[in-house]
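Sequence order for the protein chains is A and B.
Here the first sequence stands for residues 27 to 166, numbered as in the numbering used here.
Here the second sequence stands for residues 11 to 118, numbered as in the numbering used here.
By construction, these hints were calculated from the structure, which means they are not laboratory data.
A virtual CB, placed ideally from N, CA and C, is assigned to each residue, including glycine.
Hints may contain errors.
[To be verified] Okay, derived cross-link-like pairs now, DSS-like style, lysine-lysine, Cα gap no bigger than 25 angstroms in a straight line:
1) A:K76 to B:K41
2) B:K44 to B:K73
3) B:K30 to B:K73
4) B:K30 to B:K41
5) B:K30 to A:K76
6) B:K30 to B:K40
[Stated by the list, open to error] Here are some, though not all, of the chain B residues that point toward chain A, as calculated from beta-carbon distances under 10 angstroms:
7) V16
8) I19
9) S22
10) S74
11) M76
12) N77
13) T78
14) Q86
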Amino acid sequence: MRPFDVHFTMFARDSYTRLVNEVNTHSSAPGSATAFDRLLLVNETVDQLKALDPSLDIILVGNFWWACVYTNGEMQFFYNRTPRARQIVVYHFGEIGRGSTSAYAIFAQLVLSGRFNSVMERYGITMPRFIPDCASLSFH
Amino acid sequence: MKIEGVPYIDTSVEHVGVSKLRMLSAANLKKVDKTLVVQDANDTPLAVLLNYEQYLIIQNKFKSMMNTIDMLQNAQHATGLMSGARDAAEGRTVPFSSIRSNGKNTEQ
Chain A
27 MRPFDVHFTM FARDSYTRLV NEVNTHSSAP GSATAFDRLL LVNETVDQLK ALDPSLDIIL
87 VGNFWWACVY TNGEMQFFYN RTPRARQIVV YHFGEIGRGS TSAYAIFAQL VLSGRFNSVM
147 ERYGITMPRF IPDCASLSFH
Chain B
11 MKIEGVPYID TSVEHVGVSK LRMLSAANLK KVDKTLVVQD ANDTPLAVLL NYEQYLIIQN
71 KFKSMMNTID MLQNAQHATG LMSGARDAAE GRTVPFSSIR SNGKNTEQ
């Protein structure tokens with residue numbers, strides 16, 4: 027079967043060009059390895075996307091049903107795959123850079139601080155009563 | 011879809027006793043197309059058994075949801091995705107092979 031052909035949007039191309047320039051401009055400066063590593067990671071991710079089984083694509087939900095997301099290390103790609111045309115269009119890529127306001131961080135903070143249940147209860151979400159020994163399932 | 015006032019019977023879910031588990035050989039497990047709710051002698055639900063593919067579907071839905079929330083909370087990603095989508099809709103794309111580089115002023 028014909029391999030997938032990867033295209034970058036102009037926005038993604040500009041990001042890629044900036045990264046290449048960063049590597050070239052600071053080739054001997056301290057920290058340039060980071061840009062170089064990121065460039066290699068982007069190239070590697072494109073290769074992985076081409077080889078990825080389309081059934082494993084993670085499609086965003088709601089109004090973003092037309093885009094898929096792929097994470098490789100700290101790099102995240104947003105793209106669309108057209109299996110019939112054997113084409114992948116990369117809309118945007120960038121580092122995850124999870125901050126303290128990300129969904130994962132908020133969830134982790136709630137669980138680790140033992141406030142998960144109390145916050146959920148405030149929204150009317152409680153543990154099902156039919157589960158035996160419900161207390162042992164509390165997120166503390 | 012549940013209609014108000016009309017009892018709803020989900021035919022894809024079967025409530026079974028623990029003894030049913032003993033009958034589940036590898037061959038039988040492959041054939042399980044229903045979600046089994048395993049109950050004890052007092053009809054208290056103890057566990058849910060569903061096939062591997064069904065579990066992966068649920069897992070992927072969860073991943074999709076979490077990734078969408080993450081994307082929306084990251085201004086750089088949300089803006090980038092929208093800008094990229096606009097480019098794609100207007101046909102502004104380039105083959106990656108034409109821009110691929112390994113850095114150090116050497117383009118492939």
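Right, here's what the structure says about each hint:
1. Pair hint A:K76 plus B:K41 does not hold up; C-alpha atoms about 34 angstroms apart against a cutoff of 25 angstroms.
2. Using a Cα cut-off of 25 angstroms, the hinted pair B:K44 and B:K73 holds, with the two alpha carbons roughly 23 angstroms apart.
3. Restraint check for B:K30 and B:K73: the C-alpha separation of about 32 angstroms exceeds 25 angstroms, so the hint is violated.
4. Between B:K30 and B:K41 the alpha-carbon distance is near 14 angstroms, which keeps this suggested pair within the 25 angstroms criterion.
5. This hinted pair does not check out: B:K30 and A:K76 have alpha carbons roughly 44 angstroms apart, beyond 25 angstroms.
6. Between the alpha carbons of B:K30 and B:K40 the distance comes to roughly 15 angstroms, so the proposed pair stays at or under 25 angstroms and holds.
7. Violation of the interface hint for B:V16 is found here, the shortest Cβ-Cβ separation to chain A being roughly 23 angstroms, above the 10 angstroms cut-off.
8. Taking 10 angstroms as the C-beta cut-off, the interface hint given for B:I19 is violated, the closest approach to chain A being about 19 angstroms.
9. With a cut of 10 angstroms, the hint placing B:S22 at the interface with chain A is violated, because the nearest CB-to-CB distance is about 20 angstroms.
10. Among the interface hints, the one on B:S74 holds; its C-beta lies about 5 angstroms from the nearest C-beta in chain A, closer than the 10 angstroms criterion.
11. Against a cut-off of 10 angstroms between C-beta atoms, the interface hint on B:M76 holds, since the closest Cβ of chain A lies about 6 angstroms away.
12. Checking B:N77 against chain A: minimum C-beta separation of about 5 angstroms stays under 10 angstroms; hint holds.
13. Taking 10 angstroms as the C-beta cut-off, the interface hint given for B:T78 holds, the closest approach to chain A being about 5 angstroms.
14. At its closest, the beta carbon of B:Q86 sits 6 angstroms from a beta carbon of chain A; the interface hint therefore holds under the 10 angstroms criterion.
Violated hints, listed in ascending order, are 1, 3, 5, 7, 8 and 9; each of the other numbered hints is respected by the structure.
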